[in-house]
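Those protein sequences? They're chains H and G, same order as listed. Residues in the first sequence are numbered consecutively from 1, following this note's numbering. Residues in the second sequence are numbered consecutively from 1001, following this note's numbering.
Hints are computed from structural coordinates only; laboratory data are not their basis. The structure displayed is predicted, hence computed values, not measured ones. Careful, some of the hints might be misleading.
[To be verified] For the chain H half of the interface with chain G, some residues (derived, Cβ under 8 angstroms), not all of them:
#1 Ala-23
#2 Asn-24
#3 Leu-27
#4 Val-28
#5 Ile-34
#6 Phe-41
#7 Gly-42
#8 Tyr-49
#9 Cys-53
#10 Tyr-55
#11 Arg-127
#12 Ile-129
#13 Ser-136
#14 Phe-186
[What the hints assert, rightly or not] Only pairs whose alpha carbons sit at most 27 angstroms apart, straight line, appear in this in silico DSS-like list of lysine-lysine:
#15 G/Lys-1422 to G/Lys-1492
#16 G/Lys-1276 to G/Lys-1485
#17 H/Lys-99 to H/Lys-177
#18 H/Lys-113 to H/Lys-143
#19 H/Lys-177 to H/Lys-123
#20 G/Lys-1192 to H/Lys-17
#21 H/Lys-122 to G/Lys-1225
#22 G/Lys-1526 to H/Lys-17
#23 H/Lys-143 to H/Lys-99
#24 H/Lys-142 to H/Lys-113
#25 H/Lys-22 to G/Lys-1192
#26 G/Lys-1192 to G/Lys-1276
#27 G/Lys-1485 to G/Lys-1422
#28 H/Lys-123 to G/Lys-1225
#29 H/Lys-122 to H/Lys-177
Just so it is clear, CB atoms sit at the ideal spot from N, CA and C, and this is done for glycine as well.
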Amino acid sequence: MFSRFSKSSHRNRQVDKHELEKANARLVWRIVVIVALMFGFGFAVAPYYDSICAYWGIGGRPKGPSPNIGYSVDESREITLEFVTAVNGAMPLAFRAEKAKLKIHPGQYYSVKFYAENQSDKKLVGRAIPTILPISESSHLKKVECFCFSEQVFEPHQEREMPVRFVVDPEVQADVKDMTLSYTFFDITEQTQTNQ
Amino acid sequence: MTAATHDDHHAHGPEKGFMRWVTTTNHKDIGTLYLVTALIMFFVGGAMALVLRAELFEPGIQFVDPAFFNQMTTLHALIMVFGAVMPAFVGLANWMIPMMIGAPDMALPRMNNWSFWILPFAFVMLASTLFMEGGAPAAGWTFYPPLVLQGGNHLPFAIFTVHLLGMSSIMGAINIIVTVFNMRAPGMTMMKLPLFVWTWVITAFLLIAVMPVFAGAVTMLLTDKFFGTSFFNAAGGGDPVLYQHLFWFFGHPEVYIMILPSFGVISAVIPTFARKPLFGYSSMVYATAAIGLLSFIVWAHHQYTVGMPLAGELYFTYATMLIAVPTGVKVFNWLATMWRGAMTFETPMLFAIAFVVLFTMGGFTGLMMSISPADLQYHDTYFIVAHFHYVLVPGAVFALFAGTYYWLPKWTGHMYDESLGKLHFWLSTISVNVLFFPQHFVGLAGMPRRIPDYAVQFAEFNAMSSVGAFVFGFAQLIFAYVIYKAIKGGAKASSEVWEGAQEHGLEWHLPSPPPYHTWTSAPEIK
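Please construct the entire structure, taking both the sequences and the accompanying hints into account.
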């Protein structure tokens, strides 16, 4: 392909050097705009990601309380709901649910108590982040009342009872037999102190 | 331009001494600087890999403590990706693109100088973390939170290193795009560009699209750690998985940034030694562009085990598999180029053929892992380690060897030592397979990656792997020596260097070595 070309081109590059520099500068600025937009795009993803997760109720986004609507109870179906509790890192909190499992009917409201005890001599501020499995059904578990809606303050060695009132709406997919409601407590004592 | 008062013929040769390299704006000098830096970093990163392989030679902890092992894993990856492979390809681009398209230099020579000289400072900063309290970054090159936020003082240094490297890459990419778009010789249309130039243009677009996203993601890590933001902190309403999405939105195009220029090199080498034009030129261009575009929509196949809706798993599985189509086009085009060619097997061709075979093997294991239910078994085992080393070592690195041997006579004006080159090839090719092939087996059997110790059942394969690693590592000293020898002297190379090469590119119409300034009057392509 490149065997034939003329080396004798006398086109002087200096002639259009000025034009070339202008064209180069234009192209550089266009690319710089793309770079800036992509840098912004990275940050713009964060709120979109949050709203997508909040919409589906996935990724541990604590949704606010759901309205207390009366559903028709579907007694023909039974779902085993499992409760999982965990603390993040080395937070000195003993955290448990009153029972490990509960058999529920879609449409019926239930209350379950969770207990957390501050095992240290210092005041603790915690925040519980829920996860609901399976992910695709997480928006059907609706909480009317939950300790995960707000920060929880624990005085030294205080044990507190924290109720959760919820319903699994009858819209939940027919083949779902098991669901999991998991809470992880995060220690936010430091953040709340620096913010106050 | 009758009023031109300044003398256009002032600088024909380089300055003398050390300052030549500091102040140079010449694309050949800067290409050399990049290539030499990449070679040095290749040995630094390689030495770190040998620390890992020495530790993994036997089960148990022998030489290094686990914390240092983690630092070596992380630094090995960062240095090889950002210090060896990427700068080496930028070096090739600097040297070859102006000569290939008939341009006198890169479009933005001063920025070119700057984008190189950022690198040494970035790597000094990264290396300085080794001497800090808490040591170097140890959470892997992916910097996943929350683990990466729990380290010592290294985090801001590692993040600023990433910022600097990103700036350097983006400036290099801008330079390449502007050069190719605005400075082609008359008659050099886009569809006449050598494939190496095309692959670099597409790579450059990938760089300017994803490097800023990565810079943003690590900036969020920085503000999470030091300024109380909660991008990735669940307690504050963030999500560590968001980081993984951002990282792999960069990370997947990034692996193509490392392989697309390799495709370009191989597409230059194979036609020369098969003495045929490249088969399916335009399909090669479109396949490269297709791979580039697809790279943006498959990122979450790195995150199957994190949890994803079924629809997501299906989408990412199929989208990932789709990449095999344009890649297959390329592999078959290379085979068709060799088909009934008058082939000779000089060192560049040997490395190119090994590339085609071994890269394809790495591609196949990639296909296995694109299947989301199967990936649950492969994830974070030595199987993935074997996969990405097959595409990066006998893939990208072999392409760099092929390109270096191919253009070394052009750069230095001397033929390299062919028998040493062949020795380097055979030692490398055999040892790289001894090194990485057994890792498939231990990976499938469940050996996790990034762990300094392992179950005794994996001992034999790991010992083999370590032996391969040391042979491969020391074989690279031959490569360094061959380059040194060719710079110092050897048989004079003609301008064509390889029989019939003038058919394949403008660079072979220039003397070997080319004068300091080339194509000052543009060739006119018929």
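Outcome of the hint check:
1. Ala-23: For H/Ala-23, the interface hint holds, since the closest Cβ of chain G sits about 5 angstroms away, which is under 8 angstroms.
2. Asn-24: Interface hint status for H/Asn-24: holds (5 angstroms vs cutoff 8 angstroms).
3. Leu-27: Holds: closest Cβ of chain G sits about 5 angstroms from H/Leu-27, inside 8 angstroms.
4. Val-28: The hint holds - H/Val-28 has a Cβ within 8 angstroms of chain G, the shortest such distance being about 6 angstroms.
5. Ile-34: 6 angstroms, holds
6. Phe-41: Because about 6 angstroms separates H/Phe-41 from the closest Cβ in chain G, which is inside the 8 angstroms limit, the hint holds.
7. Gly-42: 3 angstroms, holds
8. Tyr-49: Cβ of H/Tyr-49 sits 5 angstroms from chain G, so the hint holds.
9. Cys-53: 7 angstroms, holds
10. Tyr-55: With a minimum Cβ separation of about 13 angstroms from chain G (threshold 8 angstroms), the hint on H/Tyr-55 is violated.
11. Arg-127: 5 angstroms, holds
12. Ile-129: Cβ of H/Ile-129 sits 5 angstroms from chain G, so the hint holds.
13. Ser-136: 6 angstroms, holds
14. Phe-186: 3 angstroms, holds
15. G/Lys-1422 to G/Lys-1492: Holds: G/Lys-1422 and G/Lys-1492 sit about 19 angstroms apart, inside 27 angstroms.
16. G/Lys-1276 to G/Lys-1485: Measuring from Cα to Cα gives roughly 31 angstroms; hence the hint is violated.
17. H/Lys-99 to H/Lys-177: 18 angstroms, holds
18. H/Lys-113 to H/Lys-143: Holds, at about 13 angstroms.
19. H/Lys-177 to H/Lys-123: Cα-Cα ~40 angstroms, so violated.
20. G/Lys-1192 to H/Lys-17: 24 angstroms, holds
21. H/Lys-122 to G/Lys-1225: 24 angstroms, holds
22. G/Lys-1526 to H/Lys-17: Between G/Lys-1526 and H/Lys-17 the Cα gap is close to 23 angstroms, so the pair holds against 27 angstroms.
23. H/Lys-143 to H/Lys-99: Holds - the C-alpha atoms of H/Lys-99 and H/Lys-143 are around 18 angstroms apart, at most 27 angstroms.
24. H/Lys-142 to H/Lys-113: Given that 27 angstroms is the threshold and the Cα spacing comes to 16 angstroms, the pair holds.
25. H/Lys-22 to G/Lys-1192: 25 angstroms, holds
26. G/Lys-1192 to G/Lys-1276: Roughly 16 angstroms between the alpha carbons, so the hint for G/Lys-1192 and G/Lys-1276 holds.
27. G/Lys-1485 to G/Lys-1422: Distance ~15 angstroms between G/Lys-1485 and G/Lys-1422 Cα, so the pair holds.
28. H/Lys-123 to G/Lys-1225: 23 angstroms, holds
29. H/Lys-122 to H/Lys-177: Not OK: H/Lys-122 and H/Lys-177 at ~42 angstroms, beyond 27 angstroms, violated.
Violated hints, in rising order: 10, 16, 19, 29; the structure is consistent with all others.
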